[in-house]
Structures are given as structure tokens and as C-alpha cells.
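Using the sequences provided together with the hints, build the complete structure.
Numbering (this note's numbering), first residue to last: 1 to 305.
To be clear, the hints were calculated from the coordinates, so they are not data collected in a lab.
Each hint should be verified, as a subset may be incorrect.
[Claimed, not checked] Per label pair, the in silico range of CB-to-CB distance:
1) Val-110 / Leu-221: 52 to 62 Å
2) Gln-102 / Trp-80: 43 to 53 Å
3) Glu-171 / Ala-93: 27 to 37 Å
4) Trp-80 / Arg-50: 19 to 29 Å
5) Gln-149 / Ile-292: 25 to 35 Å
6) Leu-165 / Arg-50: 53 to 63 Å
7) Ile-133 / Phe-167: 19 to 29 Å
[Stated by the list, open to error] In silico SDA-like cross-links for lysine to any residue, where the CA-CA straight-line distance does not exceed 20 Å:
8) Lys-213 / Arg-200
9) Lys-213 / Ile-197
10) Lys-151 / Ser-121
11) Lys-213 / Leu-230
12) Lys-151 / Leu-162
13) Lys-213 / Ile-133
14) Lys-151 / Thr-114
All C-beta atoms in this analysis are idealised placements derived from N, C-alpha and C, irrespective of residue type, glycine included.
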Amino acid sequence: MATTWDADEAKLSRSSGGRIVHAGSRATRPVGPASFAGSAGLAGPRARRRLGPGPAIPFGLQIGPALLVLTWVVGSALGWIDPRILSAPWTVAEAFVRLIEQGRLQDNFVTSATRALLGLSIGLLIGTILALIAGLSRIGEALIDGPVQIKRAIPTLALIPLLILWFGIGEGMKVTTIALAVIVPIYIHTHNALRSIDSRYVELAETLRMSQKDFILQVVLPGALPGFLLGLRFAVTLCWVSLVVVEQINATSGLGYMIDLARNYGQTDVILVGLVVYVLLGLISDGLVRLIERRALSWRRTLAN
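So this is what it looks like as C-alpha cells:
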């Protein structure tokens, strides 16, 4: 059965000049690449707009710290910064070399690193186990989530007086303080990632009749990994922050003890040496976690990449 489109098409005839002439009409229009180019010219060329942050800048994460150090160098060289308030970079470098020659920096660094790694390891283990129990069991969530949220509302440093009464002023108190600071971000982000796993994956696992072990290894752990790594970045930062504080409380060794002792003698350059070491430790730790994240989550397509 003929349609309106067929009737209109029957009225069209193509001339040899590349024009379409409508029967009963005097109007003609050219057809071909030139006509499309003309219409595009009327609208104007329009490139596809990129909405993301753009390509990565080489050494982009180092630009900010480099500018900060450059400001410090220029301010000290021009006399804008009082050396009694903030020592010049070259003075700090001299103090750094002097502390290494005396062996003080190495000894204090080893002590601080041991405390930090021990507290971080304990906190990671406890926080991950609590998150798995609360994320995979309603009973576990009822028993665990509330106390962790209470701990989250209480600053870890506010618990130091109580921890001193319980553990004294020895290594036990310092490691426990670091572990308590690490547990919360690991638990919060890992538990949230577990609760955010798509229910379709759970239904698929049930359809395939996966065992509990395979379900945890193939669905739960990969799904919780992004949240765990995010929590690990926060945990590493809180680990060094807590270490600075606990090492200034009746300590006899460590970077924090070295800084506190330098404060008593007004040695600004030694204080800055300790702070620079803390900064380097924090940046290196965060960089390692970022590297692990890029390798472990290379399958993800996100705004960052």
C-alpha cells in the first residue's frame, strides 16, 4: 500500500546538475557535500567540550610543596622571615647534617618508625576484622557499629589521660593510642564499601550457589577494596599525627621527643628538621598507598583517569 512518503518520493526527480526539483514547484536546492558544508558554516564549527579535569600534569603533586619551599628560601634570603621565628633552609640543612653525624636523627627515627608501624599494623588488623563482621552480619553490626561510632566522636588524643592510667607512660600507651586512631578510618570506609556493594552481585552469587568462602573472596573483598584503600590513606596520616603527640608525653626517644627537647632549648632549626622528617614520612606513606591503589584498582574508569 502506497504511503504519503512514497507519494512524495514519486514527485521528486533528480536532475543531472545534482539538484532536486519538486514537481509543481520552482524552488530548487543543491544537494551534496557543498550543501552540508554550508549548513555547518552557518552553525559554526563546534568541538566536543571536555568536562573532566583534563590530562594529568607531570609532577603535579610536587608543584605545591616546591612553591612553598621556594617562598621559604626567598623570604629567608631577603630577610622577610625572622630567623628566631623560622630558621633559614640552609640553617636547617646544617642542623640535619649535624644530627646525622651525631647519630641522634637515625636513633630517634628508628624508634618512631617502630612505634608507628606497630600501631598501624594493629589498627589495620582490628579495623578490617570489625568492618568485615559488621558488614556481613546484622548481629555484628548491632554489636560493633555503635561503639565504633562513639569512638569516632571522641578524639583519640582526648583518651590519652585515661590510657596513661591504664597502660602507664611506656610503649604500650603510645602504640595503643596510634592503633585507636587507625581503627576508625579503616572501619568506617571499609564498612561503607561493604554496604555499597551492588545487590545484583549478591544475587548472582546466590544464583551460582557460591560458598561463603568464595563469596567473600570473589565478591566481598574486591568490592570493599576501594573503601579500604581510602581508609588506609586517612589511617596513615592519623598514624603520624598521633605519633607526634604521644612522643611528647614523657618520652625518652623518638622524633617527637627530639622536637620537644629542642623546644626547651629554643633550637628552631632542630624542630624544623623533625618536622621535615615527619613531612617526608607522610608524603612517602601516602605515595605508597596511591601506588597500591593505582595498581590494585587499574580496572576502574574514573574522573581522575
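Verification of the hints:
About 34 Å separates the C-beta atoms of Val-110 and Leu-221, a value inconsistent with the hinted range of 52 to 62 Å. Checked against the hint of 43 to 53 Å, the C-beta distance between Gln-102 and Trp-80 comes to roughly 31 Å, which is inconsistent with it. Checked against the hint of 27 to 37 Å, the pair Glu-171 and Ala-93 passes, with Cβ atoms roughly 32 Å apart. In this structure, Trp-80 and Arg-50 break the distance hint of 19 to 29 Å, their C-beta atoms being roughly 41 Å apart.
Checked against the hint of 25 to 35 Å, the C-beta distance between Gln-149 and Ile-292 comes to roughly 28 Å, which is consistent with it. Checked against the hint of 53 to 63 Å, the C-beta distance between Leu-165 and Arg-50 comes to roughly 58 Å, which is consistent with it. One distance hint, 19 to 29 Å for the beta-carbon pair Ile-133 and Phe-167, holds here, with the actual separation near 26 Å. Using a Cα cut-off of 20 Å, the hinted pair Lys-213 and Arg-200 holds, with the two alpha carbons roughly 18 Å apart.
Taking the CA atoms of Lys-213 and Ile-197, the gap is about 17 Å. The hint holds against a cut of 20 Å. Among the hinted pairs, Lys-151 with Ser-121 is consistent with the structure: their alpha-carbon atoms are about 19 Å apart, no more than 20 Å. Of the pairs offered as hints, the one joining Lys-213 and Leu-230 is violated, with about 25 Å between alpha carbons and a cut-off of 20 Å exceeded. A C-alpha spacing of about 14 Å is found between Lys-151 and Leu-162, which places the hinted pair at or below 20 Å, so the restraint holds.
Simply put, Lys-213 and Ile-133 have alpha-carbon atoms about 14 Å apart, close enough for the 20 Å limit, and the pair holds. Taking the CA atoms of Lys-151 and Thr-114, the gap is near 25 Å; set against the 20 Å cutoff, the hint is violated.
Checked against the numbered hints given earlier, the structure breaks hints 1, 2, 4, 11 and 14 and satisfies all the rest.
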